[in-house]
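Student: Single-letter residue listing:
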Amino acid sequence: MDYRLSHGGCIDRTKPLSFCFNGETLNGYEGDTLASALLANGKHLVARSFKYHRPRGIVAAGVEEPNAMVQLGRGATTIPNLKATEVHLFDGLEATSVNCWPSVTFDINAANGWFSNLFPAGFYYKTFMQSQALWMKVFEPHIRRSAGWGKAPSEPDPDCYDHKHVHCDVLVVGGGPSGLAAAYEAGRTGARVILADEQVAFGGSLHALKRRIDGVDGVAWAARQAAELDTMDEVTLLPHTTVFGYYHHNYLCAVETCINSHGIASSPANPRMRLWHIRAAQVVLATGAHERPLIFADNDRPGVMLANAAQSYVNRYAVLPGTNVALLTNNDGAYEAALDLKAAGAAVAGIVDLRSSADGDLPQRARAAGIDVLIGHVVTAVQGRSRVRGISIRQLSEDRRSVTGPEKTLACDLLLMSGGWSPVVHLFCHTQGKLAFDEVRACFLPATSQEDVSCAGALVGSFDLAGGLRDGAIKGAQAAMAAGFGAGVPVQTDFACEEPGEGTIEAQWSVPAPGGHTKGKQFVDFQNDTTAADIGLAAREGFESVEHMKRYTLSGFGTDQGKTGNINALAILSSRVGRSIQETGTTTFRPPYTPVPFGAMAGRDVGQMNDPVRITPMHDWHVAQGAVFEDVGQWKRPWYFPRAGEDMHAAVNRECLAVRNGVGVLDASTLGKIDIRGPDAAEFLNRIYTNAWLKLDIGRVRYGLMCHEDGMIFDDGTTARLGDHHFLMTTTTGGAATVLDWLEEYLQTEWPDLKVYCTSVTEQWATVSVAGPKARAVLEKICPQTSLSPDDFPFLSFVHGTVAGIPARIFRISFTGELSYEINVPWWSGQTLWEAVMEAGKEFDITPYGTEAMHVLRAEKGFVIVGQETDGTTTPQDLGMDWIVSKKKKDFIGKRSYDRQDTSRSDRKQLVGILTDDPQDVLPEGAQLVANPTAPKPIPMIGHVTSSYYSACLGHSIALALVKSGRERIGETVFAPLESKSVRARLVDPIFYDRDGERRDG
Amino acid sequence: MHLIDCPFCGPRAELEFHYGGEAHIARPEDPAALTDEQWADFLFARRNTKGLFRERWMHTAGCRRWFNAVRDTVSYRVVATYRMGETPIGSGGAKD
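Just so you know, the protein sequences line up as chains A and H, in that order. Using this note's numbering, you'd call the opening residue of the first sequence number 7 and step up by one each time. Using this note's numbering, you'd call the opening residue of the second sequence number 1221 and step up by one each time.
Rather than coming from a laboratory, the hints here were simulated on the basis of the structure. Even for Gly, the Cβ is constructed at its ideal location relative to N, Cα and C. One should not assume that every hint holds.
What the hints assert, rightly or not - With a straight-line Cα cutoff of 35 Å, these simulated DSBU-like cross-link-like pairs (lysine-lysine) come out: (1) A:Lys943 to A:Lys901; (2) A:Lys943 to A:Lys896; (3) A:Lys901 to H:Lys1270; (4) H:Lys1270 to A:Lys440; (5) A:Lys170 to A:Lys901; (6) A:Lys157 to A:Lys21.
To be verified - Under 7 Å between C-beta atoms, here's a sample of chain H residues computed to sit facing chain A: (7) His1222; (8) Leu1223; (9) Pro1251.
Just chain A, same shape as in the assembly (with noise of 0.2 Å):
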């Protein structure tokens, strides 16, 4: 059946939409949301409840809607958990019922809420609190199959989304009557403004309500008023964008809807999403109210509403979402959605009214056009599971806690209800605003707040729409003046409304039921299916306060995050321990205030522009030469160069043996450089490494410890001596941007006296390490005009020169133990340096290596890597690395912390080396060693190893381990207890190759 009304609302009846629901072809037309159409098509059940999976309807007409969540799409663009009532139709719109199984009409799990003396508040932690392994085998699994609302998609999302970054002088948000007043008064006096609203249409309330302003009706009033703030300059409009998050300093993020339908593509140029993030100098906070459900029996059955949201169906979408209406509140605003729905064509059965009076405007009107209205009477049942059929009414007692009076029924086929209204202070929370709650109009109210912020409307209790628009033209050129536009004098305040009387509210938080106990569930939280009961019942449990109730029952959870029950649930539990609802307080609100999709959180940080990507200049000859890459920090390395056939291991295995005994060359570009110049910078680094650099004399190099104040290591490097004033620092890859931070830090700050300069050249010198016996063979071909005998060009030294004809810095370090080469040259010229230096050691069967080999030649040169064998808590003494703690400076980084009691402890975990009894067995890193496996548990652990390989050179594998008094252990056994056995070890000394250094010159 249609339930479309032949004329008025905002719909295009030119422009019918054809969408299908749950495999239902159905039609629309623009201006609908899918909530509006489903129910113009007569589809009231939509959803099933999370929990007990009990039918459910569609509440409310906005984005408070707890219940009719859908699946909007299929395949990669789906998107799951929208609400009915957020989702604006569009032709060959798909949507499908969530938590149903094998349909919204039959719905298997429902057997849930027959047993559902079984599953009260807590249930969850009171189950699987039991045992780990029910948990593990039979809970878990079903829940995980049971629960959960919408499916995500498994593809890759294929739309396009941006970010756009603003500032402006006054954000207002909400483009409701007020909204709209206030930006045009901010807007007028020149002020960069932003109007904000999730809504396609600015309006708000007056698409609800039918309203006159200034002669002119409301729905035309918003449209000429958004045209007008069009034409402002400074004026941004943002339509179907919704602020879902305030930071501090009004920083606010908002999420634009560029593109509904899903039949059309996005792109770059055109995204699917936009994030708006908007730093402005003042805020306007006109998000209005969301009306409040009312606590009775059943109160969760399809057809049950909110009587604003039957309005909006009426007025706004030409929807009459029931054709027999009765209706249940405590204020005098349901009688204008009776009087509404009545005007529309449906029968009025009756108004139940919890209050003792209602004799306002409104139940004068209602009264005079032959509604029933029973005064001081409650629904205590509700008849219908799928749709409601009728209502059963008592009086309410004298005291107004229990009922009384014989029992009448009503046949209805929609009930409305209205509790109330209840500002939407999300945002106004999010940076620490703190609320008061208001007696006489029964909701919470901002109070304080941090930020440039003011509010208006709704939001501040004013509820009839003169003083709304007042307050918002108020508020609109306020901001602006604050922000330095205008005289803060609002050219209009007086709006000619034709409006109702407010009339007052009687809060009833919950009904009282029948004997003291109702047959039906009272539901506070529609969507996690939370009843009074339950906050009861936690009450009385001990989860007293608003945070602990929440976790406990769930309340105010899930993807509407209790846009419609937090008030009814902290007022019950008010009630329950006996506390003012001021006292008790609410729940802390945090964005995002509706859910944000993670596309448009991305924007265009997808796939490669996911993170920045460092590449060499050789990158390209390694990817021809199919290098497989490891990720250090952003830096793309080398990690080996299989060839055919070759599984990692044979690939590593033949690089460490072509450096040991040919040759090998590694990219070694992406290590950290510094450049440091400047009269101090010899006694600057004399006071960041702990062992001397003074004396270091021009075209030498030494290596260096970098210690925090605390004594522990954090970076290590070679520095070379290039002049006087002159320094170039290496850091390892990772730590380049640590290391110069580190650095300018203290020239800043503790010795601004210091005459020295740091920057980063990292990328500009590109370095090709030569490596092996062959290295010098290789070089003397392609840089002819240097000596590189030892004498002349001794280890830790470095020479200027040219290397195939590119100006080169040519550095004797070695990280193998071999002979070795860095040769530094522009960026520019790296992959031609490269090509050069393959083409040299051609005849000498020259190897790549990546880092994997490194690491195992390092390793078995008992060469520490910062990050692997350090962890933060390591000493140079750790290390056994004595030897480059200066004993004659009087100062350096980290020197008096060498002195406190912690770090000269003998039990500390010093570096050993490791070898398994089996040479094959090659031990994780990170595994734990003990001294005996067999021993009662827990076992005490005496170690850990931090590097493990197989060695080729050496035929075994090797390890390196920190151990607690790990010197004085060497020669002793260890056991590497791991899952599937335990490993037998023997603790030796951490160098297990060219002990001499015998290999160093070739």
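Here the structure of chain A is known, so what remains is to put chain H in place on it, guided by the hints.
Tutor: What follows is chain H alone, placed relative to chain A:
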């Protein structure tokens, strides 16, 4: 996200900055002269001030300069910023 007024560049978003902890803790002139307790105090002990707090920031993604700020740790308001070496503003958080 904070808006921090770099004394060299003006107001910039927090993500351009790097936090440097409590301000005005000078590295001791002669660490060797300190007792273990004094040294440990310098290394590890920091205030956890509620209210106005003087702290260091570095404009990492901007001018790369260190400066001091007075920030309210309750409201997150940055009350003032000043350059290294300038007279500290306010008394909040100082060890006096």
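Student: Is the Cα-Cα distance between Lys943 (chain A) and Lys896 (chain A) 35 Å or less?
Tutor: violated (47 Å)
Student: Between the alpha carbons of Lys901 (chain A) and Lys1270 (chain H), is the straight-line distance 35 Å or under?
Tutor: holds (33 Å)
Student: At a threshold of 7 Å, is the proposed contact between His1222 (chain H) and chain A supported by beta-carbon distances?
Tutor: Interface hint status for His1222 (chain H): holds (5 Å vs cutoff 7 Å).
Student: Is the shortest C-beta separation between Leu1223 (chain H) and chain A less than 7 Å?
Tutor: Holds: closest Cβ of chain A sits about 4 Å from Leu1223 (chain H), inside 7 Å.
Student: Assess, step by step, whether the Cα of Lys943 (chain A) is no farther than 35 Å from the Cα of Lys901 (chain A), and give holds or violated.
Tutor: Answer violated: Lys943 (chain A) to Lys901 (chain A) is near 39 Å, above 35 Å.
Student: Please verify whether Lys1270 (chain H) and Lys440 (chain A) have alpha carbons no more than 35 Å apart.
Tutor: holds (18 Å)
Student: Lys170 (chain A) and Lys901 (chain A) were given as a pair; does the straight-line alpha-carbon distance stay at or below 35 Å?
Tutor: Violated - the C-alpha atoms of Lys901 (chain A) and Lys170 (chain A) are around 49 Å apart, more than 35 Å.
Student: Could you grab the alpha-carbon distance between Lys157 (chain A) and Lys21 (chain A) and see if it respects the 35 Å cut-off?
Tutor: holds (31 Å)
Student: Tell me if Pro1251 (chain H) is really an interface residue toward chain A, meaning its C-beta lies closer than 7 Å to one of theirs.
Tutor: At 4 Å from the nearest chain A Cβ, Pro1251 (chain H) passes the 7 Å test, so the hint holds.
When the structure is compared with the earlier hints, violations turn up for hints 1, 2, 5 and for no others.
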